[in-house]
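Enquirer: Could you slot chain B onto chain A? The hints should help.
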Amino acid sequence: MSQESVELARATPAPAAPPVRARTSPTGDRIFSFALFFASYVVLAVVAGLFIVLLQRSWPAIQAIGLRAFSNVWSPNDGQFGVLSFIYGTIVSSFVALLVAGPVGIGAALFLAELAPRKLAAPVAMLIELLAAVPSIVYGLWGLYALAPFVRTYVGPALQHALGFLPIFQGPIYGVGMLTGGLILAIMVVPTVAAISRDVFEAVPRDQREGMLALGATKWEMMTKAVLPYARSGVIGALVLGLGRALGEAMAVVLVIGNKPQIVASLFAPGYTMASVLANEFSEATGKVYISMLIEIGLLLFLVSLVVNVAARLLVWSASGRGAR
Amino acid sequence: MNLRAKAVRAAWSQFMIVVSGVCAGACAAVLAIVVAYVIGKGIKAIDWTFFTKLPTPVGVPGGGVANAIVGSIEIIAMASLAAIPVGVLAGIYLALFGRGKLAALVRFFSDVLTGMPSIAIGMFAYALVVIPTGHFSAVSASVALAVIMLPIVVRTTEEAVRLVPTMIREGALALGIPAWKATLLVTVPVARPGIVTGALLAVARVAGESAPLLFTAFGSQFWSRGVGQPTAALPLVIFTYANSPYADWQQIAWGCAFVLVVLVFALNLTARLAFSSRVAAN
Chain A
8 MSQESVELAR
18 ATPAPAAPPV
28 RARTSPTGDR
38 IFSFALFFAS
48 YVVLAVVAGL
58 FIVLLQRSWP
68 AIQAIGLRAF
78 SNVWSPNDGQ
88 FGVLSFIYGT
98 IVSSFVALLV
108 AGPVGIGAAL
118 FLAELAPRKL
128 AAPVAMLIEL
138 LAAVPSIVYG
148 LWGLYALAPF
158 VRTYVGPALQ
168 HALGFLPIFQ
178 GPIYGVGMLT
188 GGLILAIMVV
198 PTVAAISRDV
208 FEAVPRDQRE
218 GMLALGATKW
228 EMMTKAVLPY
238 ARSGVIGALV
248 LGLGRALGEA
258 MAVVLVIGNK
268 PQIVASLFAP
278 GYTMASVLAN
288 EFSEATGKVY
298 ISMLIEIGLL
308 LFLVSLVVNV
318 AARLLVWSAS
328 GRGAR
Chain B
726 MNLRAKAVRA
736 AWSQFMIVVS
746 GVCAGACAAV
756 LAIVVAYVIG
766 KGIKAIDWTF
776 FTKLPTPVGV
786 PGGGVANAIV
796 GSIEIIAMAS
806 LAAIPVGVLA
816 GIYLALFGRG
826 KLAALVRFFS
836 DVLTGMPSIA
846 IGMFAYALVV
856 IPTGHFSAVS
866 ASVALAVIML
876 PIVVRTTEEA
886 VRLVPTMIRE
896 GALALGIPAW
906 KATLLVTVPV
916 ARPGIVTGAL
926 LAVARVAGES
936 APLLFTAFGS
946 QFWSRGVGQP
956 TAALPLVIFT
966 YANSPYADWQ
976 QIAWGCAFVL
986 VVLVFALNLT
996 ARLAFSSRVA
1006 AN
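Chains as they are written, first to last, in my numbering: chain A, 8 to 332; chain B, 726 to 1007.
Derived by calculation from the structure, the hints in this document are not laboratory data. Relax, there's no trap hidden among the hints.
Reference excerpt, derived from the structure (chain A facing chain B, CB under 7 angstroms, subset only): (1) Ser47; (2) Phe118; (3) Ala282.
Think of the CB as a built atom: it goes at the ideal place given N, C-alpha and C, for glycine as much as any other residue.
Chain A on its own, in the form it takes in the complex (with noise of 0.2 angstroms):
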């Protein structure tokens, strides 16, 4: 039947088909399809339209500035638009934000999907889910008045202490800096990363576990050498998508970090970030230059974003076997 449902649908666009159709009432099936058909579209025509609308409004940017916008100084009442120092900050700041995700979200999905008991899993995956539903401006506001200060005063002195030979830990510390906004990036990701990776982690067939286990492994030795293996892929489709959350978060991000245009070595340092760029100057961004560039910056990080998340679900696909279905 839903094979015959498949037909109906298909064939009442088009007029020519063969008669295979419902015996009765097809106005409101044709009327019906055309709905799905049109909302299906729908979503097609909105990923279309974000690219078209961003690319349109920044091609007076991209007219006037072209490859001069991959350029050090970011200055908009000289006329001087360079964004490297926002690339910078945005790749700085997720890599952060990834370095410390990364394990935990990982070390949190394995313990949630293969060892905690399951009375105990449920309820702090549902912990970590809603981690993920806290806004991102409270993150902000919690990360301003809370993290910085705590990063000021304990964590900067600590890592300069036990590491300050290396370039990234030396300077002053003020609090908010690319450090403290790689961290609450790292907040923002961790249930990203723990939530699919473990939806992954579910996914591996059991006689691989017990396989493992036959040939006397501990389960520890099962998760590394069997579980995550076969999971590889999907684990970094997480990671990849936990990135692509990092790169296009502005509002936690442009409370912490700093917002200034620079490329320094030091993590204690004030920086920026494309997304945040986006969230600080443009309410109050004058001339049609400016503008157009400020958009330019948008249609960057979507195409980013796109690459991002394209490969991420392709992996992530793969590894769950979701999506074919």
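Expert: Below, chain B without anything else, positioned relative to chain A:
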């Protein structure tokens, strides 16, 4: 010798299990810390005037965020009106008829859309609505939020409709009911708990969104004068007041954060607890 190696491996395994448990615990602990902090700071700002009065200038006591609460509701309601029907229809399509190339594309791009930065979507709404109309407005904010909601509704509806046993639909069709009625009056009602869950999660997701509102709703100190005018919203109040040097404004920002967290958690918990059990029962 062999025995000792085995003991070491077992101990290492135990140790790493504890480490992974600590990872999971740390995530939960961070949630607890953030929520406790927001509640502790925010609850002091909550009183009757907070919900009923307009914002006051710095130093004038008795200000509230009534306009932002109304503005948020207005923006989210319009976004839901646009995104939920379209998303549900697309989800039904994917679940019941989605086998071809179009379906694969829709499925893929709704997942991709879920990962798009909300600030880029806000910029899209700015370019699409604000520039042509010439002002910041609640409508443009709703467009942005609707784009964010759409893929969530699509995918959760698909999951929910897919869970409905085919036999139910087949039974209806066998009785001679047209396909559209069988879908809307038989399949969809069975899937309703799941669809409602998806809609609630989508609302929860956008309720706290601030980035797309910056250059669409823009914010306002007054009551909204219509959907075509700049409109206040709770997340925007937090952003504006968080950076201000005045203690009473910061206090209001915490109050708004408290309200948002309570709202978002309530939506999430309702969606997960109340409806997931019923989906399972079905």
